[in-house]
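Visitor: Chains A, B and C are the protein sequences, given in the same order.
Counting from 0, one number per residue, gives the positions in the first sequence under numbering that gives the first Met the number 0.
Counting from 0, one number per residue, gives the positions in the second sequence under numbering that gives the first Met the number 0.
Counting from 0, one number per residue, gives the positions in the third sequence under numbering that gives the first Met the number 0.
Simulated from the structure, these hints should not be mistaken for lab results.
Keep in mind that the hints are not guaranteed to be accurate.
Taking CB as the label site, the calculated pair distances span [stated by the list, open to error]:
| # | chain 1 | residue 1 | chain 2 | residue 2 | range |
| --- | --- | --- | --- | --- | --- |
| 1 | B | 31 | C | 28 | 22 to 28 Å |
| 2 | C | 115 | B | 67 | 53 to 59 Å |
| 3 | C | 62 | A | 91 | 24 to 30 Å |
To be clear about the criterion: a stretch of chain A counts as covered by chain C if any three or more of its residues have a C-beta under 8 Å from a C-beta of chain C, and this derived list gives those stretches [as the list claims (entries may be wrong)]:
| # | stretch |
| --- | --- |
| 4 | 14 to 23 |
| 5 | 27 to 33 |
| 6 | 177 to 190 |
From the three backbone atoms N, C-alpha and C, an ideal C-beta is built for every residue, glycine too.
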Amino acid sequence: MKKIVLPGDLISEGDEYTPNTYTEGGKIFSAVAGMCTEDNRVVPLEGSWTARTGDIVIGTVTNVGRNGTYEVELEHFMKGMLMDKFGRTTFIAGDVVEAIVERVENRRTVILTKPRRLHGGTVIEVKPSKIPRIIGKNNSMIKQISEITKSNIVAGENGIVWIKGGDTGLAVSAVQEIERSAHISGLTDIIQEMLLNKGN
Amino acid sequence: MGAIDIIKSMHVRDLIVEGKREDGRGLMDFRKIKVETNLFENAEGSAMVDLGGTRVLAGIKMDVETPMKDTKDMGNFMVASELLPLAYSEYEAGPPNPESIELARVTDRGIRAGECINLKKLFIEEGKVWSVFADIYVLNYDGNLFDASALAVMSALSTTKVPKYEDGKVVREDRSASLKLDNFTVSTTFAKINGRIAIDPTGNEEGALSSRLTISNDGKVVRAVQKGISGGWKEDEVYDAIGASLEKYKELRSHIPKVR
Amino acid sequence: MGSSADKPKLIINGKRVDGRGFSEMRPMKIEAGVLKNADGSAYLEQGKNRILAAVFGPKEATPRHMAKADRAIIKCRYAMAPFSSLSEHGRSGPNRRAVEIAKVIREVFENVVILEDFPGSQIDISIEVLQGDGGTRAAGITAAAVALANAGIPMKDIVYGISTGRIDEHIILDLDMIEDNFSDADIPVAVSPRNNEILLLQMDGGMTKEQFKEAIGMVMESGKTISKIQRDALLEVYRKEEKRHEKNKKQ
Chain A
0 MKKIVLPGDL ISEGDEYTPN TYTEGGKIFS AVAGMCTEDN RVVPLEGSWT
50 ARTGDIVIGT VTNVGRNGTY EVELEHFMKG MLMDKFGRTT FIAGDVVEAI
100 VERVENRRTV ILTKPRRLHG GTVIEVKPSK IPRIIGKNNS MIKQISEITK
150 SNIVAGENGI VWIKGGDTGL AVSAVQEIER SAHISGLTDI IQEMLLNKGN
Chain B
0 MGAIDIIKSM HVRDLIVEGK REDGRGLMDF RKIKVETNLF ENAEGSAMVD
50 LGGTRVLAGI KMDVETPMKD TKDMGNFMVA SELLPLAYSE YEAGPPNPES
100 IELARVTDRG IRAGECINLK KLFIEEGKVW SVFADIYVLN YDGNLFDASA
150 LAVMSALSTT KVPKYEDGKV VREDRSASLK LDNFTVSTTF AKINGRIAID
200 PTGNEEGALS SRLTISNDGK VVRAVQKGIS GGWKEDEVYD AIGASLEKYK
250 ELRSHIPKVR
Chain C
0 MGSSADKPKL IINGKRVDGR GFSEMRPMKI EAGVLKNADG SAYLEQGKNR
50 ILAAVFGPKE ATPRHMAKAD RAIIKCRYAM APFSSLSEHG RSGPNRRAVE
100 IAKVIREVFE NVVILEDFPG SQIDISIEVL QGDGGTRAAG ITAAAVALAN
150 AGIPMKDIVY GISTGRIDEH IILDLDMIED NFSDADIPVA VSPRNNEILL
200 LQMDGGMTKE QFKEAIGMVM ESGKTISKIQ RDALLEVYRK EEKRHEKNKK
250 Q
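Start from the sequences and build out the full structure, keeping to the hints where you can.
Guide: Shown next, in the form of structure tokens:
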């Protein structure tokens, strides 16, 4: 059974570090409001994004440097830096890009790679902790929303979701419903029903 | 404005060309309005207004003071506003900035010009008058602070109880008399976005607008106007906005509690 | 402290002016997640106190030179609304008292927030007293702790605050404004319940060591109640959605 834990709640005995916990006196405690899984992992329900290699993010180009480097605003306290030396695309300030985290440098800068420009559409900000749920297992959730709304959707781990075409309003509603209900089981069915009933 | 906000405002500009808005409203529709009053017993009056995602609080305090030199037979009405840092990530603590001063002054003007409070009735005795302080506290920003603040201050004033003044002392525990209001004004704000005009702009729409027009009226005549941001207005556009503003009076007035 | 000449009778027949027992706190209610733009927020009512707390961050530290390379910094604001008191209209914005209170509150949270997780960043805590009736700094801490957890800021514990003090020979808990004005001692306290460490302690007045012990004992005892109210507020955010979906299913 998954259960909701809060900061300071005992998770287990031991002293090995797992994300979203801290250890004190030979015990592991939760550091956040989250779901505690059966194998004593804490999956946060709130909080900001922690950059990991391989994460897909969405940001805005804010500065164009030399040799295909670009500064990217990720709506995060760390700045994004896009290195696309051999890329064929060039970007200008204001472009919305999807990119992959290559590594984090000096705990300050997120080095990005494999950029793709996202033309038009709109973006919404959601709690980064809810992005895995918005994507779903093997992209199942996002695929479902895309198919029914006919919208093109990209979800960035940094909490930015890009939506273009189709029934944009309905897609936005679905994403926001998942954000509110991330801790609820059977969410795929709930969202499907919502989408088929046009949001009612 | 963050980089992401620019994308949102571009989307707003694209939508409005087709006569659409991000929340599906018509161009001349207000968002959902909720007004709560009498929230704080320490204040003489209070109201909280939810205008869509915008949340504004107004508190009224009344003190006995010496009158201004040039208006010795009149009380005072003062409006101040704070864009609290908790309302929006871009608001910072510190001395009042031009935006919050404009908000307070435009709210003040709509109510003062509408002669809602009869300042002569705030006269107590030679050298003693009531001062009415209205403080606007912005708790959550999602556009159109002008209309939300006007509604909050009007609602707070309409539920304001005047403390007893006895033997040269203010007795706040005894507040039986209501502050009598002679008139009611409402505020309506129009945004010009990509050449189209929409009422009650959201935060994203305010990021996209070229110009703004705030019109206060009392259901009969226009009482105050404030044009903001650099874009211009054609004569006919102003007349249309005035017409639309007067048409909105009834709807907005229905949210202000009746004085008992 | 008021002068003893105009001190009203604060204890009558073994009860306090509002009818409470010595160790009885005022009714407390907290709601989490009340503001949309903030990353985390909480609204607290405690007797006549009405307090709003909100958290933004971690965000980029400004000005840049304030940033610490190895950890996040906390910025804290505490302010009383101009309409918050029963007496005359107040000045807006934080005064000297408020600046000191904000500093000691910041230090409370620097103890429990895991600052090392976000080097170079800044976490903003805002506490707005909409209506004050004694014990607002302690209540502000109780609310801010819920706002921090609601924002998902990693921390070791959910801190609570409450005030204690003395009237004549009686030690009392959770002083309201009248008691605060005329008490013989007033002690705001904040505690980390996981280890009962005291993170905020201020006092003015006079207390013997024994009286101090009794007062702190009362605080620790009340912590069980306050912690439960804080936890329920945080859990209610999720329970509310569960109830909504259950209702939808039935229809």
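Visitor: Does each hint hold? Answer for all of them.
Guide: Checked hints:
1. Separated by about 25 Å at the C-beta atoms, residue 31 (chain B) and residue 28 (chain C) satisfy the suggested range of 22 to 28 Å.
2. Look at residue 115 (chain C) against residue 67 (chain B): about 57 Å separates their beta carbons, and that is inside 53 to 59 Å.
3. In this structure the hint that residue 62 (chain C) and residue 91 (chain A) lie 24 to 30 Å apart at CB holds, the actual value being about 29 Å.
4. Interface restraint, the stretch 14 to 23 of chain A with chain C: holds (3 residues with C-beta to C-beta distance below 8 Å; minimum three).
5. Here's how the stretch 27 to 33 of chain A fares: 4 of its residues keep a CB closer than 8 Å to some CB of chain C, so the rule of at least three is met and the hint holds.
6. Taking a C-beta to C-beta cut-off of 8 Å, the stretch 177 to 190 of chain A contributes 5 residues in contact with chain C, enough for the three needed, and the coverage statement holds.
Every hint, counting from the list given before, is met by this structure.
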